[in-house]
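*Asks:* Each chain, written out:
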Amino acid sequence: EAGVTQFPSHSVIEKGQTVTLRCDPISGHDNLYWYRRVMGKEIKFLLHFVKESKQDESGMPNNRFLAERTGGTYSTLKVQPAELEDSGVYFCASNNRGDPSPEQYFGPGTRLTVT
Amino acid sequence: EDQVTQSPEALRLQEGESSSLNCSYTVSGLRGLFWYRQDPGKGPEFLFTLYSAGEEKEKERLKATLTKKESFLHITAPKPEDSATYLCAVRENTGFQKLVFGTGTRLLVSP
Chain E
9 EAGVTQFPSH SVIEKGQTVT LRCDPISGHD NLYWYRRVMG KEIKFLLHFV KESKQDESGM
69 PNNRFLAERT GGTYSTLKVQ PAELEDSGVY FCASNNRGDP SPEQYFGPGT RLTVT
Chain F
827 EDQVTQSPEA LRLQEGESSS LNCSYTVSGL RGLFWYRQDP GKGPEFLFTL YSAGEEKEKE
887 RLKATLTKKE SFLHITAPKP EDSATYLCAV RENTGFQKLV FGTGTRLLVS P
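Heads up: the protein sequence lines correspond to chains E and F, in order. If you want our numbering, it's the position in the first sequence, counting the first as 1, plus 8. If you want our numbering, it's the position in the second sequence, counting the first as 1, plus 826.
Keep in mind that a hint or two might mislead.
Claimed, not checked - Just a few of them, taken from the derived set where beta-carbon distance is under 10 Å, the chain E residues facing chain F:
hint	residue
1	14
2	17
3	45
4	52
5	53
6	54
7	64
8	101
9	112
10	117
11	119
Unchecked claim - In silico SDA-like pairs for lysine to any residue, Cα to Cα no more than 25 Å straight-line:
hint	chain 1	residue 1	chain 2	residue 2
12	E	52	F	853
13	E	49	F	857
14	F	889	F	936
What the hints contain is simulated information worked out from the structure, not anything from laboratory work. Remember, it's a predicted structure, so these values are computed and weren't measured experimentally. Just so you know, even glycine gets a beta-carbon here, dropped at the ideal spot from N, CA and C.
Let the sequences and hints guide you as you build the complete structure.
*Replies:* See the structure below:
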């Protein structure tokens, strides 16, 4: 079974530009999460989708970040316009609502560098 | 606000030298404490979930334990391939699913 995949693995953009990150969860997983790790800090929660609905977006830093999950399959996270402090590694995770075990399965991350 | 503190930040062991990593947490109601392993350039890989004080889980050379305030990850006779960053995370009993992570312990096991 394929794990969580993320694209691209690395993105370098200039301040003010737009970047879109993509996450494909494990097939059949209803829950999809976005997290971010900035340099030297802990991994922090951004938001949680249940299918196509946003269940919890309490971690989204500001309105420059837009997450979507149309159709309840893959998700995109757009940063527009990007700022220097947006640099970091963005992780996606998924799990299934029906599973008795709540662990979240993480993708390899997208490293975003804003210059 | 939930807090997770891991110590030490970094740990260097000789192969075969057992030790423990600590994760202290503060939550209003715990609905799971999770241990993950992360290798460079990869995402966190799930190891264990613990739910209540006194619970223990084992996997190969790793054993995780839980009290009301902290969790320990015991590593017995580690091998170089155990070198990684070990992350602790908690899920609060709020109905939401988000994980709150600590900053991790970087473990290096030398042959």
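*Asks:* Could you tell me which of the numbered hints above are not met by this structure, giving the numbers in increasing order?
*Replies:* none
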